[in-house]
Each structure stands twice: as structure tokens, then as C-alpha cells.
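Engineer: These are the residues of each chain, in order.
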Amino acid sequence: MEETGQRSAQFAGDRRIAAPLKRAPLSGWGRYPRCLTDIYRPEKFAELAELITADPHALVARGAGRAYGDAALNAPGRVIDVTRFNRMLAFDDATGILRCEAGVTLGDIIDTFRPRGFFPVVTPGTRFITVGGAIAADVHGKNHHRDSSIAAHLASIDVMLASGEIRRCSPDQNADLFHATAGGMGLTGVIVEAELKLRRIATAWIESETVRAANIDHAIEIFERTDRLYDYSVGWIDCASAASALGRSIVNFGNFATLDQLDGQRRAAPLSLKPRRSLSVPIDFPGFALGPFTVTAFNELYFRTHRDTPRALVDCERFFYPLDSIRDWNRIYGASGFVQYQCAWPMAESRAGLVETLEAIARSRRASFLAVVKKFGAQDGLLSFPMPGYTLSLDFPMRPGLLPFLDQLDAMVLQRGGRLYLAKDARMSPAMFHAGYPRLAEWRAVKAAVDPNNHFSSSLSRRLEMVPA
Amino acid sequence: MAAAAHRIAPGGAPRVLILGATSPIARALALEYAHGGASLYLAARDTAEAARIAQDLAVRTGVAAHAGPFEAGDYAAHPELISRAAAALGGLDGVALCFGALGDEPAAHHDATAARKIIADNYTGAVSILTFAADHLEAQQSGFIIVIGSVAGERGRSRNYIYGSAKGALALFTQGMRARFARTPIHVMTVILGTVDTRMTWGRESAFLTVAPERAAALIHKAWRRRAEVVYVPFFWRFIMGVIKAIPERFFKQLKF
Ligand SMILES: Cc1cc2nc3c(=O)[nH]c(=O)nc-3n(C[C@H](O)[C@H](O)[C@H](O)COP(=O)(O)OP(=O)(O)OC[C@H]3O[C@@H](n4cnc5c(N)ncnc54)[C@H](O)[C@@H]3O)c2cc1C
Ligand SMILES: NC(=O)c1ccc[n+]([C@@H]2O[C@H](COP(=O)([O-])OP(=O)(O)OC[C@H]3O[C@@H](n4cnc5c(N)ncnc54)[C@H](OP(=O)(O)O)[C@@H]3O)[C@@H](O)[C@H]2O)c1
Chain A
1 MEETGQRSAQ FAGDRRIAAP LKRAPLSGWG RYPRCLTDIY RPEKFAELAE LITADPHALV
61 ARGAGRAYGD AALNAPGRVI DVTRFNRMLA FDDATGILRC EAGVTLGDII DTFRPRGFFP
121 VVTPGTRFIT VGGAIAADVH GKNHHRDSSI AAHLASIDVM LASGEIRRCS PDQNADLFHA
181 TAGGMGLTGV IVEAELKLRR IATAWIESET VRAANIDHAI EIFERTDRLY DYSVGWIDCA
241 SAASALGRSI VNFGNFATLD QLDGQRRAAP LSLKPRRSLS VPIDFPGFAL GPFTVTAFNE
301 LYFRTHRDTP RALVDCERFF YPLDSIRDWN RIYGASGFVQ YQCAWPMAES RAGLVETLEA
361 IARSRRASFL AVVKKFGAQD GLLSFPMPGY TLSLDFPMRP GLLPFLDQLD AMVLQRGGRL
421 YLAKDARMSP AMFHAGYPRL AEWRAVKAAV DPNNHFSSSL SRRLEMVPA
Chain B
1 MAAAAHRIAP GGAPRVLILG ATSPIARALA LEYAHGGASL YLAARDTAEA ARIAQDLAVR
61 TGVAAHAGPF EAGDYAAHPE LISRAAAALG GLDGVALCFG ALGDEPAAHH DATAARKIIA
121 DNYTGAVSIL TFAADHLEAQ QSGFIIVIGS VAGERGRSRN YIYGSAKGAL ALFTQGMRAR
181 FARTPIHVMT VILGTVDTRM TWGRESAFLT VAPERAAALI HKAWRRRAEV VYVPFFWRFI
241 MGVIKAIPER FFKQLKF
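These protein sequence lines are chains A and B, in that order.
So that you can map any letter, position 437 of the first sequence is 437 in my numbering, and since no number is skipped, the others follow by simple counting.
So that you can map any letter, position 12 of the second sequence is 12 in my numbering, and since no number is skipped, the others follow by simple counting.
One or more of the hints may lead you astray.
Taking lysine to aspartate or glutamate and the EDC-like style, the derived pairs with C-alpha atoms no more than 20 Å apart in a straight line are [what the hints assert, rightly or not]:
{"hint": "1", "chain 1": "A", "residue 1": "K44", "chain 2": "B", "residue 2": "D197"}
{"hint": "2", "chain 1": "A", "residue 1": "K197", "chain 2": "A", "residue 2": "D111"}
{"hint": "3", "chain 1": "A", "residue 1": "K44", "chain 2": "B", "residue 2": "E214"}
{"hint": "4", "chain 1": "A", "residue 1": "K22", "chain 2": "A", "residue 2": "D81"}
{"hint": "5", "chain 1": "A", "residue 1": "K44", "chain 2": "B", "residue 2": "D46"}
{"hint": "6", "chain 1": "A", "residue 1": "K22", "chain 2": "B", "residue 2": "E205"}
No lab work stands behind these hints: they were computed from the structure.
Using the sequences and the hints given, assemble the complete structure.
Structural biologist: In C-alpha cells, the structure reads:
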């Protein structure tokens, strides 16, 4: 029945904290690592300020838990689930600026504003993430080569610091805090509000084109050629391919369709879409289900069924979020979970980096379904992941021997001046992180100024020694 | 059952006062009404939070939403709240009573002051504000009252019998008021709520299925649309409580849940 069980009041010194704690096993989207965690879920700002100032434990915010690794984990500290701060506060039709709390999800924004002709400028491959999580990871989308990351489309961020003070920052005001918070993985404080610019759209449809690339050079050529023509582009690489077919891929690009690109029926209601039905993965797949054989067979099927499709209209939800229609798809990797590996190389090293990494992956036979490849453009920020060049990301089911193998990939990425994405990482070494993020010292200076006692700290930040001991 | 539509203000959409508006169930219920075009007055202890919720409703739906203070124990302020809400909304068609508090039940078992506080927060305060609300609706001979009760009010348990007794009393009070208005168009609905995922239940293991506040609110709103009088939310609590109420007392009192 309701209200059963016991939950002790939280005491910090002699101050009582009103927000209750829940102890539960917690993990990122990759379900590795997993740990028993004490979780707060405040419902009101007064509660949030109170627990931040009164609880002496290490704290870190958590949004929708879509980061793959340990960014939103905190053992032995405590996690603050901020999803209840999900109120939209103001919207300006003229500028497209939405002021909202950090727990609002992109999906919620899209459902509210797509019918009114607005869409987030930057969206990652899932809509089930929060605005706070998007800012903390400074996420990128299929349009990074043109529009950079989400930080480039924020008018301001409000951060609740360790002192309980809420400080507003933007590229013009407290700019150092702004650049340390976007991409700062929740370590400067709890993002409570933001002003996010939305772009105008005339229709909810993407005019999309799909081209098959015979190998990696062909894929790169397609990216370079279509760069200026399309807002959105992404490629899926068949990781099992080798030799002259290494990097065999499907490159998909598109732009939001204009009104006159729609046919009569769609043109009558250009911004509305039929709600999608979602499937779910009801159980954890057994570990063998995704062995090399199944994956190869899947990839064969995938590539056979994808023909070059010049100019097709695709519903924007399907275009941006192909995986979102399968709820809990992370369970197909079984109970031991998986690791997502996402690296980026500077432009000059990208081709060589892609080739050697894909070769190593093909040899290892640890390949996941597909790897995603994407071209990055310009990027600001102290810890933001993208850099002008190419990025590759793929899943590896957690199996014996995986971690040493990924260390080998790290060494290759590092040698070419590349880096790994913190929002995906669960296992890199501090040395790999420190070498990949040359602006870490600048970030640490801001962190020391706003959070001198390192009150905001996570499993990720301690593992990577982001703050000097 | 052919449900008679709620008789509401010209213009169609109701004008609703939400009491305890900072509850996530209340917020979700307000959003249900706002999607239907209703205008809302959000009354809560924490007016800053209520104001944020009002902004949210306005951004999402474009309706007018107001926020103002409400404290269950501040009886003197109750009549004024009804007239303030009616003035802000240009009339008042309905009241949804959503506030409630578990209090410190273990302490209240030995501390009469703590026990009286639980009764005051959940029952006495409700009786007071509903008395003024009922007179307002009676005078205009239309409108509705929704009262959120609890399955905890259906049978006394050692773990929460003070809160449970207040919720049980509230359900009887609401039932009586429904009888008083039986010959009027005024609709009085009792919601018997099961476990909902809010701060009340966060960190307490629950033996039964917990629903999201949005789900609970959607079911409450649906029940209101068909003019239900007593509704279990979700419906399966009717069966669970049927079984629980059928257990003979000498066994029931031994159960630990
Ligand atoms: C299917 C899928 C596809 C993805 N595709 C992409 C992609 O294309 N591009 C991309 O960039 N990323 C991608 N991601 C990663 C995802 O966008 C990021 O991990 C994002 O941070 C997740 O947001 P969240 O709300 O789930 O945050 P969480 O996972 O809960 O937290 C992530 C980080 O944000 C911090 N954080 C969260 N909320 C706050 C807050 N209010 N204040 C301060 N810190 C906060 C946490 O402390 C943590 O460090 C993808 C993830 C999935 C599952
Ligand atoms: N969650 C469940 O499982 C469950 C089950 C059955 C019934 N219920 C009932 O559902 C309703 C909503 O509860 P909830 O779960 O959403 O919990 P909640 O978030 O704690 O909401 C309770 C609301 O009541 C308000 N409140 C408490 N005491 C008050 C007082 N003295 N004066 C004015 N306002 C007061 C609170 O205001 P503040 O925000 O200022 O504290 C808050 O708005 C309550 O009536 C509760 O009893 C809940």
C-alpha cells in the first residue's frame, strides 16, 4: 500500500533536510557500471537549495540518465534527480527563445513547439534527454558541421552553485562560468534554468537523401561534397566490412522541407505528425544474442535493404530519433551492459584515424551493430567534446577482454590528437582524459573559483581526476 | 450512462481553483484542465513555486493561470481566497482539493500536537475551505468539487492511522456534501488515490504498482468528465481495497504493511 517502508529523515549536522532520499541501483544508459546510490528528487527550489547547502556529501545532478557511463553516477556520494524541475517559463515568438527549467526534456519541447513551427537547433540522437543534461554535455547533433553544439544556441544558463546562490551566465555575462558549465558535466553546480533558442520550421518533414558509400574514402568524399548543401548529415558504417570495403556505409543527409515540397495532404497540416507507436524490449537479451554472427547478418540485411534514395520526405521524428521508437533498447545487450565508444580526431588526422580504428575493430570481431560517423565543425567551450574533424561512435557489449582492447583504441586516438566524449565514457584513464582536453587547466580555474570544496563531484570526475586532489 | 455536461460559464471552459497546487498531481491535473481551455487559480503555500507552475501552464497551453497563497491552517484567510480566485478568474466553477501531508506519523503516535497537526493539514483545513467553496457553488447553483482522498483512509493501519483517519474522515465529509447537493447540478467527486510517484512515496518501497502523477491526473480528469462520484485511481485499487477491507480484523491487525 502507499506510504509503506521506512525512510529516515536526512540530517546534516543538526539541520534537517526536507527532501527524502531513495536508495536504488543506478547506472547510465549503457548499464555499466551500476551501483547502489542515494538519490534525492527535490520538487521545489527551496528544497534544492536546502539540500545543496546542508548535505556534506559529494553531489551531482542527474537528468534523464541518457549519458552512457558514469557521468550522472555518484558512489559513494549522492545524486540529485532534477527531472521534476520541468517547467517552461516563457516563450518569445519573435526570437524563438524558450526559458525553461533544466529538467524539461527535448521531447517535451518538441511536442509543445513543433506544432507551432519551432524546433531545437541542436538535438542529439534521442529526444529523451533533459535540457540540463544537454547543456552539461554540450551535446551535438547531425548539424554540428554547420551549427556547432547546443552551447552556441543558449542565451543564458542559471546555475545553482555550492553556496546555494543562483548565478546567471551567458557568453557576455560571467562568460567563464558559461564556458565551464556547457560541457562541464554538472561539476560547476546544478543548472536550474536556461534560455534556449529554437529555430523556425515550415514543416515537420525532412527532405532526406540516402547514399551508399563503398568504403571510408567514398564516405568522406560524400560528407565533404554535401557539407554546404545540407543542415543534417550522418553516416552508418558496417563495422564488419574489411579490406577494400572497409568503412562501407550509408550516408544520410537532409534539410527541413519547405511548404511547397509537401504534397497536398501533408501541406494541409504541415506541422503535424501521427503519433508514433513505440515498441519496447521487455527482457534482457541473453549475452550470445549479439555475437559476431548475428551482427554480421544484421549488417548484411541493413545494407541490402537500404538503396540509394534520392529525395524522400521523412517525418522529422524518424529522421532524428530512429532508436526512440524502441523503448529500453539498451537491454538488448544483456544484463552486463555495454560501453559506447565515441572519439573525434582533428581534420588532418581523421581519415587515418578512421581507417586504423575500423581495422582494429573489424579484426577484434567485437563490433556492435553499426558505427556512426559524422563530420564536426567549429567548437567553443573548455571541456566540450567536438573538434573540427570526424567523429566515430559505436557500442561494444561488455565482455571479457573488452577493456584492454579499448585501451588499445585509446592509444591510437591519442596519438592522432583525438579525444573521447565524456557523456559516453565509462572507462578511460585519467591520462587519456588529460591529454585529450588541453583546456582542462582553464576549466579547473573556474571550478576552483565557484566550487572550492569540490562539493559537486561524480563517479566520472573522480575516476578521471578532473579536479586535482 | 448519459453524462450531463458540467454547467459552466458562458464561453465553455471552466474556471478552476486548485488547492495545494505545488503537488505534482495537482500540477498535472491543472494541465489537463488547461488543455481543455480552462482558466486556473493555483493556490499553494509556496507561492513562488505556484507562480512557476502558472507560467508553465500559460506557455504550454496559452490559458490564463494565476497563483496565490493558501495555507490549510489559516482559516481566517479561507473566505477571502474563494472571492480572490473568483475575482481573478471572472467567476469560479470548480475547486480541486489536492493538498495533504503525511506529517511525522511515528512521532505523532506519542505526541498529540504532532497528531493534531496531521488532522489539521489533511482534514480540518479541508473542511474549512470546502465549506466556503460549497456555499459559493450553492449560491450559483452550479459547479464542481473534487476531493483527493487516499486508500489509506479506507482501513486503519499501524503505520499511518492518523493520516489515514484524516483521509477517511475527509471521504465521509465529501460523501455528505454530495448528498447535500444531490438535487442540484453541483458535482462532488471523491478520488480514492492509490500509490503515486511523488515526494510522499519517494524512497518508500511500495508493495503495489505506483503510477506517475500525470497518469493519476489524467484518470481523475477523465472521471470528472464522466461525472463520477467516487473513483478509485487507478481502478484496480477498488479490487485491492475490496480484498483488504474483507480481511477479518483479528487477522488484519497482525499484518505488517
Ligand atoms: C540513444 C542515444 C543517442 C545519443 N546521441 C547523442 C548525440 O547524437 N550527440 C550527443 O552529443 N549526445 C548523444 N547522446 C548522449 C546524451 O545526449 C547526453 O549524454 C546527455 O547528457 C544526456 O542528457 P540526460 O538528461 O540524460 O543527462 P544525464 O545522463 O542524466 O546526465 C548527463 C550529465 O549531465 C549532467 N546534468 C544533467 N542534468 C544537469 C543539470 N540540471 N545541471 C547540471 N548538470 C546536469 C550530469 O551530472 C551528467 O554529468 C545520446 C544518448 C543516447 C542514449
Ligand atoms: N502520493 C501518493 O501516493 C498519494 C496517495 C494517496 C493520496 N495522496 C494525496 O494526494 C494529494 C497530493 O499529494 P502528493 O502525493 O502530490 O504529495 P505532495 O507533493 O507532498 O503534495 C501535497 C500538497 O499539499 C500541500 N500542503 C500540505 N500541507 C499543507 C498545508 N497545511 N497547507 C497548504 N498546503 C499544504 C503541499 O504544499 P507544499 O508544496 O507547500 O508542501 C503540496 O502542495 C494529497 O492530498 C495526498 O494526501 C497521495
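Engineer: Which of the numbered hints above does this structure break?
Structural biologist: none
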